[in-house]
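Colleague: These are the residues of each chain, in order.
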Amino acid sequence: MAYALEINDVHKVFNKGTVNEKVALDGVDLRLNSGDFVTIIGGNGAGKSTTLNAIAGVWPVDSGRIIIDGTDITGLPEHKRAAFLGRVFQDPMTGTAATMDIEENMAIACRRGQRRTLKWGITRQEREEFREKLSTLGLGLEERMTTKVGLLSGGQRQAITLLMASMKHPKLLLLDEHTAALDPKTAAKVLEISDRIISDNQLTAMMVTHNMKDAITHGNRLIMMHEGRIIYDVSGEEKQKLHVKDLLAKFEEVSGGEFANDRMMLT
Amino acid sequence: MLCLITLNPLSLFRAFPGSIAQGMIWGIMALGVYITFRLLDFPDLTVDGSIATGAAVSVMLIRGGVSPLLSLPAAFLVGMLAGLATGLLNTLLGIPGILASILTQISLYSVNLMIMGKSNQPVSVDNYPLVTSLRYVTEGSAASKCMFFLGMALFLIALVAVLYWYFGTEQGHAIRATGCNGNMARAQGINTNFIKVLALMISNGLVGLCGGMYAQFQGAADINMGRGAIVIGLAAVIIGEVLFGKFASRRRLAFAYTLIAVILGAVIYYMVYQFVLWLKMPSENMKLFSAIVVAIFLAIPYLKEKRSVKKGVAR
Chain A
1 MAYALEINDV HKVFNKGTVN EKVALDGVDL RLNSGDFVTI IGGNGAGKST TLNAIAGVWP
61 VDSGRIIIDG TDITGLPEHK RAAFLGRVFQ DPMTGTAATM DIEENMAIAC RRGQRRTLKW
121 GITRQEREEF REKLSTLGLG LEERMTTKVG LLSGGQRQAI TLLMASMKHP KLLLLDEHTA
181 ALDPKTAAKV LEISDRIISD NQLTAMMVTH NMKDAITHGN RLIMMHEGRI IYDVSGEEKQ
241 KLHVKDLLAK FEEVSGGEFA NDRMMLT
Chain B
1 MLCLITLNPL SLFRAFPGSI AQGMIWGIMA LGVYITFRLL DFPDLTVDGS IATGAAVSVM
61 LIRGGVSPLL SLPAAFLVGM LAGLATGLLN TLLGIPGILA SILTQISLYS VNLMIMGKSN
121 QPVSVDNYPL VTSLRYVTEG SAASKCMFFL GMALFLIALV AVLYWYFGTE QGHAIRATGC
181 NGNMARAQGI NTNFIKVLAL MISNGLVGLC GGMYAQFQGA ADINMGRGAI VIGLAAVIIG
241 EVLFGKFASR RRLAFAYTLI AVILGAVIYY MVYQFVLWLK MPSENMKLFS AIVVAIFLAI
301 PYLKEKRSVK KGVAR
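Same order as they appear, the protein sequences are chains A and B. Anchor point for the first sequence: position 27 equals 27 in our numbering, and the numbering is continuous, going up by one each time. Anchor point for the second sequence: position 26 equals 26 in our numbering, and the numbering is continuous, going up by one each time.
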């Protein structure tokens, strides 16, 4: 059976040949089974978000292959890869269209991977579906379906983006530090919603985080990145037994003790 | 005071029907500007060229024996081609939007001369059954004048209805999402490059249509008739938003009201224009006047926000 995601020796260098040259991905290899929920940690510039962007096709990679459920997507543009993916971003502004209604945003997500035709943008049946889905969030948004998303809080926007990302049952859900811009209480709520959406829909997911504790308590697998490579990969029972101090030790070992300047959260 | 006495209110009153009709025609162009400027967030200066292209094509077709009515879809189509050129320069060749549109606009100057053969081509209502003409609102019976305005109003309402429908479709949603947040649009599988080209084509199609109607209205296509057209389009959009924005939002069919507000913005622009001319402002100063009006209205939201920020700090 094909892997849900297969990344083979992917390389990416930004600003090649200039003084700002930066090796972002230096031979990333990764295989995910269907239903895996992987958390990704690492210092600044380790290549966590870059890996997610490489999968999403924000820019082409220099070499290597990216295969989703048996389909090689390495050569596809970003909007075509969207058919396979659900994405939530760090900035709550990025995942939704602020000047459009909640229901319009959801309707756009509902058509991911389809041609945009001259049929009505939202059907009555979809509205009912959206209302139901929104009510599962417990934020009262089902009563505000025609509110412009720009009027909502960051947490509300991330929750909606999560719902949108999980529509159409994506082959892979990419969460790129999606709670980093939220206050701790809201972040916890959004994480809880993420967990629920992933398990209810049996999604394969990757979550980048700076919070080691979150990385340990969520998902069934954890990888640590450093300087564009995956340097640590645990899953199953071994992962459940992990403690923050184990990760810190691991991190210190590879980075030579520079973690103190890092914004990695130690709680 | 003395100079005010010399002003004749009656002459202003007589000129208003003409400026209202002119404003209604330019309202079509303002709808095009609204699509790029507000919905797509693309500063499209193509319009200065494409309005004259629509005019040139309409007039040359009429002079060639085509019915004035049928010349208008042709004007719409060439406008779309102009939008296509700007769109491809921007998305396929990576030229920044504003520069891409300037390149198209400049090249259209030559294209328009090629179409017309010279810088001005008349088309007289005496010889052709024109769709619009200044004559229809200045001469003839009151009933025929009313019929013309009624016809124009019905056409504009139909146009608003079509646009309202279109921007409610999947494709229309995709245009609005692309203009609002390109990252979100791509993440949801929207081909933002294609959508940009599409929206530019629709916008410039409307501008070309306006050009065709306006050329018939004034009885000639002129190579310079598009100069500063974007400013008039922006003025209409902004006047419409400032005066009717509150009224249009927060009600059913808000988007349709917004489009009507934009058309009314164009009508008001030309009424004010007429008023200022009546005050004996030399007509060569009118472009300066228009630019200042647009600058002021564009600055208002910014200054308002700045003031409220200051207030917030003081508190």
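Bear in mind the hints are in silico, worked out from the structure with no lab data behind them. Some hints could be false.
Each computed DSSO-like pair below joins lysine-lysine, with the alpha-carbon atoms no more than 30 angstroms apart [unchecked claim]:
#1 Lys148/A with Lys287/B
#2 Lys80/A with Lys213/A
#3 Lys148/A with Lys280/B
#4 Lys306/B with Lys148/A
#5 Lys119/A with Lys133/A
#6 Lys304/B with Lys148/A
#7 Lys168/A with Lys133/A
#8 Lys80/A with Lys185/A
#9 Lys246/B with Lys280/B
#10 Lys119/A with Lys185/A
#11 Lys239/A with Lys250/A
Since we're looking at a predicted model, the values are computed, not measured.
Colleague: A separate judgement is required for each hint: does it hold in the structure or not?
Modeller: Here is what the structure says about each hint:
no.	hint	in the structure
1	Lys148/A with Lys287/B	37 angstroms, violated
2	Lys80/A with Lys213/A	35 angstroms, violated
3	Lys148/A with Lys280/B	46 angstroms, violated
4	Lys306/B with Lys148/A	23 angstroms, holds
5	Lys119/A with Lys133/A	23 angstroms, holds
6	Lys304/B with Lys148/A	22 angstroms, holds
7	Lys168/A with Lys133/A	13 angstroms, holds
8	Lys80/A with Lys185/A	35 angstroms, violated
9	Lys246/B with Lys280/B	34 angstroms, violated
10	Lys119/A with Lys185/A	41 angstroms, violated
11	Lys239/A with Lys250/A	13 angstroms, holds
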